[in-house]
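Residue numbers (this note's numbering), protein chains in the order written: chain A, 26 to 497; chain B, 26 to 497.
Simulated from the structure, these hints should not be mistaken for lab results.
Incorrect hints may have been included.
[Unchecked claim] The calculated label-pair distances, taken between Cβ atoms and stated as ranges, are:
id, chain 1, residue 1, chain 2, residue 2, range
1, B, H382, A, Q141, 29 to 39 Å
2, A, Q258, B, E441, 24 to 34 Å
3, B, R159, A, D193, 27 to 37 Å
4, A, S381, B, E441, 32 to 42 Å
5, B, H382, A, E85, 29 to 39 Å
6, B, K387, A, E386, 40 to 50 Å
[As the list claims (entries may be wrong)] Below are the BS3-like pairs computed for lysine-lysine, each with C-alpha atoms no more than 27 Å apart in a straight line:
id, chain 1, residue 1, chain 2, residue 2
7, A, K266, A, K352
8, B, K123, A, K123
9, A, K352, B, K120
10, A, K289, A, K387
11, A, K147, B, K147
12, A, K352, B, K123
13, B, K123, A, K177
14, B, K147, A, K123
15, A, K239, B, K177
16, B, K177, A, K120
17, A, K123, A, K429
18, A, K120, B, K352
19, A, K316, A, K289
Positions of the beta carbon are idealized from the N, C-alpha and C atoms, including for glycine.
Single-letter residue listing:
2 protein chains.
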Amino acid sequence: MYKSEQLAHSIRQLIESGTLNAHEKLPSLRDQVQRSGFSLMTVMNAYQELESQGLIYSKEKSGYFVAEQIVLKPLEQYSVVSLNSKIEINSLVFKYLKSIQHESVVPFGSAFPDSQLLAAPKLIQIMGQLARQRQSYDQTASLPPGNLALRKLIAQRYCMQGIQTDPDDIVITSGGLDALNLSLQAVAQPGDYILLQQTVFYGAWQAAERLGLKVITIPEHPQHGFDLEAFEQVIQTYPIKVCWLMLNAQNPIGFTVSDDIKYKIAKLLHEHQIYLIEDDVYEELFYGGQKPLSMKYFDQQNLVLHCSSFSKTLGAGFRVGWVYAGKFSDHIQHLQLMSTISVNALIQNALVEFLSHHHYEKHLRTLRLSLERYKKQFYHYLKQHLPSSCEVYYYPSGYFLWVKLPSTLDSMQVYEALIQQDIGIAPSPLFSVLPTQQHYLRINCSFEWNTKIQNALDQVIKTIQQRVEANL
Amino acid sequence: MYKSEQLAHSIRQLIESGTLNAHEKLPSLRDQVQRSGFSLMTVMNAYQELESQGLIYSKEKSGYFVAEQIVLKPLEQYSVVSLNSKIEINSLVFKYLKSIQHESVVPFGSAFPDSQLLAAPKLIQIMGQLARQRQSYDQTASLPPGNLALRKLIAQRYCMQGIQTDPDDIVITSGGLDALNLSLQAVAQPGDYILLQQTVFYGAWQAAERLGLKVITIPEHPQHGFDLEAFEQVIQTYPIKVCWLMLNAQNPIGFTVSDDIKYKIAKLLHEHQIYLIEDDVYEELFYGGQKPLSMKYFDQQNLVLHCSSFSKTLGAGFRVGWVYAGKFSDHIQHLQLMSTISVNALIQNALVEFLSHHHYEKHLRTLRLSLERYKKQFYHYLKQHLPSSCEVYYYPSGYFLWVKLPSTLDSMQVYEALIQQDIGIAPSPLFSVLPTQQHYLRINCSFEWNTKIQNALDQVIKTIQQRVEANL
């Protein structure tokens, strides 16, 4: 261990044990040099390391202070099951997506991580090499179900997680949403009942609306994320054909459901023979420890269509996702040949090269560390400066923070006010149709901390503050 | 003019005037040198030029012979209007597409030109350069409606044809089929009537089936391709909401409808306020002369959604198409954000660079010349060797030949026999549901002539011969 790491380690212990309290001033650099006997450089490195981990923060000309520790807060108890025969979220989502896509808009509302973190240099190098070769563009090998070598590599990743997978189970798609839509089309018919989480990626609402499905939602559980009791009640009451669930780093809230609950969900799905479209596009963005299991892991009867993508780890501009389609592979390929035909050949070839040589694992490790650091910085800053009537939900994965405003505030109005200042945020009406869920915001915090980011965050905070004060 | 061109020109005149007859032997190289006073090299160049144009052919050790001249044959009179409430072409198409996609299969059944002709070296060079730059992958600028610079360049191409176009009228899509499907979704509702050509790209049947539309077909006209009388009759009888038509280098037959008829179609569309999904993906593959007009040219009321792509000119592996969406732009972007989200960013950027510097025009000129040469070679060879009870339809555009077998033969059986020999062809049941249209084949002839191609074509001919003889 380096000397700076030693020092950082002992200060971290003082913070985590509560010996040093939140907002307590740390010894100045000079004092610390004298106390510890380490060089100034060593002390500076240690402080910077702690700052990058979100454990301490600095104020100009005042020195370093202990940051507040992150305590996982329970979600508010959400309201009960709702049945929606008609959803009208589409035009809102469209207006929203168009408003935040301008380059001038600060992308706190974006669903994608900062592109600076993605497009791994090694992948760009491989793309540069393959792009110069004519055969990289040949469509034949890239036609549905997609490049065989790529499907083999994806199958291997499933096997590493203990999920027996054959390359023929995998279908490469034009991104994760394409995988989800194709999967739903393959299992559901107009008029079928679909079960969604109450607060959920808007793509699920849109897909259900487009296919003419009847939507039932279950509330999030305040502690566990997933409300198993409500789930059981719904599937005993309604003839649910298919569920569309996100259980790892759930979008927009961020929670990850425990393996124990996943096992119980799987058991109920099997008992009732219900299909599951599993949206697992954030599966790689866990912090530390082990990768959470997917529902596919517990699936013995080919009821789970597991959908994922490279968009959240390597860049959305690539448009490559996949589905573990199993017996639905033919049906899904069929749908592809009627729509997008195939996924870009060059990029499939580049991904094969990139995944073959463990570049992906290395990239993911760096990415996870950066996301964790940035998210902690955003969390501490918001926690410190938002009015106390607001709540910030932190979960150790992904790059979203879920912010609760006082229930008298309308998050759409906050969004409207901020977009006028060229700052995007994602208001909760994008994710939930319930009138009781209109006062939440999703903030993308995948950005390296700098003055521009801090200023934008200050504007978010100020805009919320003003509305809170006006409401008092 | 070079001497060899002079010589080739005078021989061409002798052939076209009928002074030299089909299969008549030309003077040997030596004789020609003596007669003309030109060098052996000049005479050889002239003969090779004429051969590449399909005007003469060579037999080993026998010398050069005059090829049969191409006379455009009228199509067989097709049967009358048909109304299909339920189409079941999907599983046939799927089985077919899967069977021909193996690399070992000779791709006479493919819908795409030989990839050797596409992926222009300059485009590959640009891709190689841009692929090394991180900013090429940024999704923001590529989101719907697509890269602005690319839309400007496409709009300019419309303007060059006299079609007033604003970049905001254009939406970039994941290939041509995606453009067609999105356009149809934007204008048609389940239960609406759609008018199709009787023999048509299967994607049109599939889209109609998927959207739950009622299909009316009109027959092809034996001389003009498009049967204006049948068209008028149908739109006066049925409440047609939308037509899906291909009028330039029609797939699978190959004809191009005259500007005069296009004008009359447009007039009728306007009178009856019927939308048109115009499939124009072969618009650039005309031979010589001028680019045929699109229906968009005659459209004064924004009824035409003109769909095209780079798949048939630069390579299907890119997956970039577009639609002139006009007032439907928002609706179509909306549908994109719910499905594929966006088109690959890198490739949109590369196309901007490629199209900006006239590389595309240069590439198209070479491509057209090659396709014309190859198609003529295929035509002459098939004409010469197929049983006389077969007919080969040649049109001066694209890269398909449409072959009529004796009506007692079933083209599906010919396809089945050939796929056993690893040769793909496209049988007419893929394109028409009429029982009277089961004895046609579409042959892709975009391949440079060589022994392998000739052998495969010989197998096609032999397989047909055997079936003709067995039927006598």
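Going through the hints against the structure:
At about 30 Å, the CB distance of H382 of chain B to Q141 of chain A agrees with the hint of 29 to 39 Å. A hinted range of 24 to 34 Å is violated for the C-beta pair Q258 of chain A and E441 of chain B, which are about 54 Å apart. The given range of 27 to 37 Å is respected by R159 of chain B and D193 of chain A, whose C-beta atoms sit roughly 35 Å from each other. In this structure the supplied range 32 to 42 Å holds for S381 of chain A paired with E441 of chain B, their Cβ-Cβ distance being about 39 Å.
Taking the beta carbon of each, H382 of chain B and E85 of chain A are about 50 Å apart, not inside 29 to 39 Å as hinted. A hinted range of 40 to 50 Å holds for the C-beta pair K387 of chain B and E386 of chain A, which are about 44 Å apart. Taking the CA atoms of K266 of chain A and K352 of chain A, the gap is near 17 Å; set against the 27 Å cutoff, the hint holds. With a CA separation close to 38 Å, the supplied pair K123 of chain B and K123 of chain A exceeds the 27 Å bound.
A threshold of 27 Å between alpha carbons decides the hint, and for K352 of chain A with K120 of chain B the separation of about 16 Å falls inside it, so the pair holds. For the given pair, K289 of chain A sits about 33 Å from K387 of chain A by alpha-carbon distance, which is inconsistent with the 27 Å threshold. With a CA separation close to 24 Å, the supplied pair K147 of chain A and K147 of chain B stays within the 27 Å bound. Between K352 of chain A and K123 of chain B the CA atoms are separated by roughly 17 Å; this keeps the pair inside 27 Å, and the hint holds.
Simply put, K123 of chain B and K177 of chain A have alpha-carbon atoms about 19 Å apart, close enough for the 27 Å limit, and the pair holds. A distance of roughly 34 Å separates the Cα atoms of K147 of chain B and K123 of chain A; the hinted pair therefore is violated under the 27 Å criterion. Between the alpha carbons of K239 of chain A and K177 of chain B the distance comes to roughly 42 Å, so the proposed pair goes past 27 Å and is violated. Between the alpha carbons of K177 of chain B and K120 of chain A the distance comes to roughly 23 Å, so the proposed pair stays at or under 27 Å and holds.
At roughly 24 Å between alpha-carbon atoms, K123 of chain A and K429 of chain A fall within 27 Å of each other, so this suggested pair holds. Using a Cα cut-off of 27 Å, the hinted pair K120 of chain A and K352 of chain B holds, with the two alpha carbons roughly 16 Å apart. For the hint linking K316 of chain A to K289 of chain A, the alpha-carbon distance of about 19 Å falls within 27 Å, and the restraint holds.
When each numbered hint is compared with the structure, violations occur for hints 2, 5, 8, 10, 14, 15.
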